[in-house]
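Novice: Protein chains in written order, with the working numbering: chain A, 1297 to 1653; chain B, 1297 to 1653.
Hints are not guaranteed to be accurate.
[Unchecked claim] DEER-style ranges, computed between Cβ atoms: (1) His1600/A <-> Asn1511/B: 54 to 64 Å; (2) Ile1590/A <-> Pro1618/B: 58 to 68 Å; (3) His1427/B <-> Asn1392/A: 48 to 58 Å.
[Said to hold, decoys possible] Straight-line C-alpha distance at most 27 Å; calculated DSS-like pairs for lysine-lysine: (4) Lys1624/A <-> Lys1648/A; (5) Lys1310/B <-> Lys1323/B; (6) Lys1648/A <-> Lys1648/B; (7) Lys1467/A <-> Lys1310/A; (8) Lys1646/A <-> Lys1646/B; (9) Lys1577/B <-> Lys1577/A; (10) Lys1648/A <-> Lys1646/B; (11) Lys1474/A <-> Lys1577/A; (12) Lys1648/A <-> Lys1593/A; (13) Lys1648/B <-> Lys1646/A; (14) Lys1577/B <-> Lys1624/A.
Simulated from the structure, these hints should not be mistaken for lab results. Source: prediction; values computed, not measured. Positions of the beta carbon are idealized from the N, C-alpha and C atoms, including for glycine.
2 protein chains.
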Amino acid sequence: MNYFTPTFVADELKAGNNILRMAEKAKANGLLFRPHFKTHQSVEAGEWFRSEGVTAITVSSVEMAQRFAGAGWNDITIAFPHNPHESEAVAALADNINLNLLFDNPVQAAAAASAVRNTTGFFIKADTGYHRAGILPGDDAAISCILDAAKESPLRFKGFLTHAGHTYRAKDPEQVLKIHLNSTQALAGMKARYLDAFPEIIASAGDTPSCSIANEFQDVDEIRPGNFVYYDLMQWMLGSCTFHRIAAAVICPVISVYPHRNEALILGGAVHLSKESLQIKGEETVFGLAVPFINGKWENAQGHDYLTSLSQEHGILQTNSPWAKNLKPGDCIAVIPVHSCLAADLLVAKNKFYIVR
Amino acid sequence: MNYFTPTFVADELKAGNNILRMAEKAKANGLLFRPHFKTHQSVEAGEWFRSEGVTAITVSSVEMAQRFAGAGWNDITIAFPHNPHESEAVAALADNINLNLLFDNPVQAAAAASAVRNTTGFFIKADTGYHRAGILPGDDAAISCILDAAKESPLRFKGFLTHAGHTYRAKDPEQVLKIHLNSTQALAGMKARYLDAFPEIIASAGDTPSCSIANEFQDVDEIRPGNFVYYDLMQWMLGSCTFHRIAAAVICPVISVYPHRNEALILGGAVHLSKESLQIKGEETVFGLAVPFINGKWENAQGHDYLTSLSQEHGILQTNSPWAKNLKPGDCIAVIPVHSCLAADLLVAKNKFYIVR
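Pulled out of the complex, with its shape left as it was, chain A reads as follows:
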């Protein structure tokens, strides 16, 4: 394998351990485990999950559902509120696999209802505090409108689903646990009010910080974490994982060095890592952490060797440690990305994806 240009490298052993741990946590808590595949977006990485017994998955777009259905996954939840313009595509998918949609507005439900021909599940998206998408707990009028729009169609109500993405803004693991508790209790409350009318509905939750840090899941039936397969700098800083559980890095060549300003230039910019950034205490805004890459494996951080600026292809590395100060043009480094999902999206699609074992 060469690393001539930025390459997303996944460590199969670490990723496999992350999957095993999460699958065991789900099992120990009696939870359905429906991991989110938007993180890796790779058919090959998907097989790691299959070998841990995973049969049901989550995706975030119709295109992703089509891709994984083509790879043999036949139980898929599209955890993005239904796009009315993709109703035909969704109906075609539901002809062949067990598909669940997501609604938070009756227009979405009506569009899907008029298109699907085969039984198709749907969840109602609940806004349990993140305020990105979803129906507020207690807004039974909105829930009724959705249920009405789905009536007399092949759509079947499967339950309530939330994503407590506000855990990503938590200051420490205790805050994550507090958000997890509040969010799942609100979700359970919504489910409880509809359980008599729909006895088979479930409560589905599962952001990576909550699923990684929490051990109590009594209010939910299913978890859908995604990022945990690789983790990243953001999750490490949040306390979702140790450094040694991070299972992905972007390998980048060093292009130039500027000792007078303690910086180096890497080929690794916004089109490879995304412009996702992180505010780390005592640092500038950072776009990644550089660590040595030796014999196909990345090593521990040697110091505060952060990427402090990204443009389209350029990455500026602040050379803090002796290791970083000694880098030369042509050396290859590993960058722990701020957000592995976005780096994977950029590089897996370009076939700049490599698995180390």
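Assemble chain B onto chain A, guided by the hints.
Specialist: Chain B alone, transformed into the frame defined by chain A:
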């Protein structure tokens, strides 16, 4: 044309006018015009330049050079410091076209020198204030090392090249002009010191803000702007263009509406727009501006309808104007991206690119 999922739309008439104006400015100032194709990355958009007489182009990666060489462009500068690992690929390109490389370190020059078989041009990258890449003005020792490494090879010194990217941080057009003047004077000074030894060298500059706002270019021989073909929200805010010159938008479907918080959800996230953001006075950090999209054309802004948050596929629109407050799921809106280059990179590669005339 359908706009079922996020689609990068380029307005050929507006883009053509932007190209014509810049080509005329170059001609009026006796400048070589070598536009940067990293912005659009499209072979089809490249043809608009050819019809304005453009024969020489700039790109930012070897892969882009290969792609445009394949589309018949035979005079290409790769304006990213040479990656030693791509020396063979570069040598193969130089077998077939007039290629210019960029060096700011002798290791780069030595790697290229040992690989190229045919005459290959090179520029020395100058750091005239942006502090991203380049040799500082006055660092003749570093310049000598590069010239020495290139000696006795088919490499030919073509001049000094800068990118005054610090214009993007300017507060107003006057600051842009001041940066432009300082930067090009520094570049001209470097050229002057080597002109006796290399009588044919040139000075090449050309960030979009400077090239759009300035009318005086006496210190440079060549300009290489790229972003000007489309412009974007950032350039509009900088004063590089009027709103009516913006020639690209990302068309996104509205998925849901949340009147209780004056927000709407669009299918349009980091994987479509990039997480490039902008601090606009009196606003939160914004990720794009939503405007109406009617009969295949976008309209003026109706108010402060900004995207205030992006995740992988989700975009949150702050519905400020009456138009935005009336949006319904299934409506399509145009998003003026913060940075058109990064949105194009994401969507052109996925064939989500459409030209309106």
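Novice: With reference to the structure, classify each hint as holding or not holding.
Specialist: Verification of the supplied hints:
| no. | hint | in the structure |
| --- | --- | --- |
| 1 | His1600/A <-> Asn1511/B: 54 to 64 Å | violated, 44 Å |
| 2 | Ile1590/A <-> Pro1618/B: 58 to 68 Å | holds, 60 Å |
| 3 | His1427/B <-> Asn1392/A: 48 to 58 Å | holds, 55 Å |
| 4 | Lys1624/A <-> Lys1648/A | holds, 23 Å |
| 5 | Lys1310/B <-> Lys1323/B | holds, 20 Å |
| 6 | Lys1648/A <-> Lys1648/B | holds, 20 Å |
| 7 | Lys1467/A <-> Lys1310/A | holds, 26 Å |
| 8 | Lys1646/A <-> Lys1646/B | holds, 10 Å |
| 9 | Lys1577/B <-> Lys1577/A | holds, 26 Å |
| 10 | Lys1648/A <-> Lys1646/B | holds, 15 Å |
| 11 | Lys1474/A <-> Lys1577/A | holds, 22 Å |
| 12 | Lys1648/A <-> Lys1593/A | holds, 17 Å |
| 13 | Lys1648/B <-> Lys1646/A | holds, 15 Å |
| 14 | Lys1577/B <-> Lys1624/A | violated, 41 Å |
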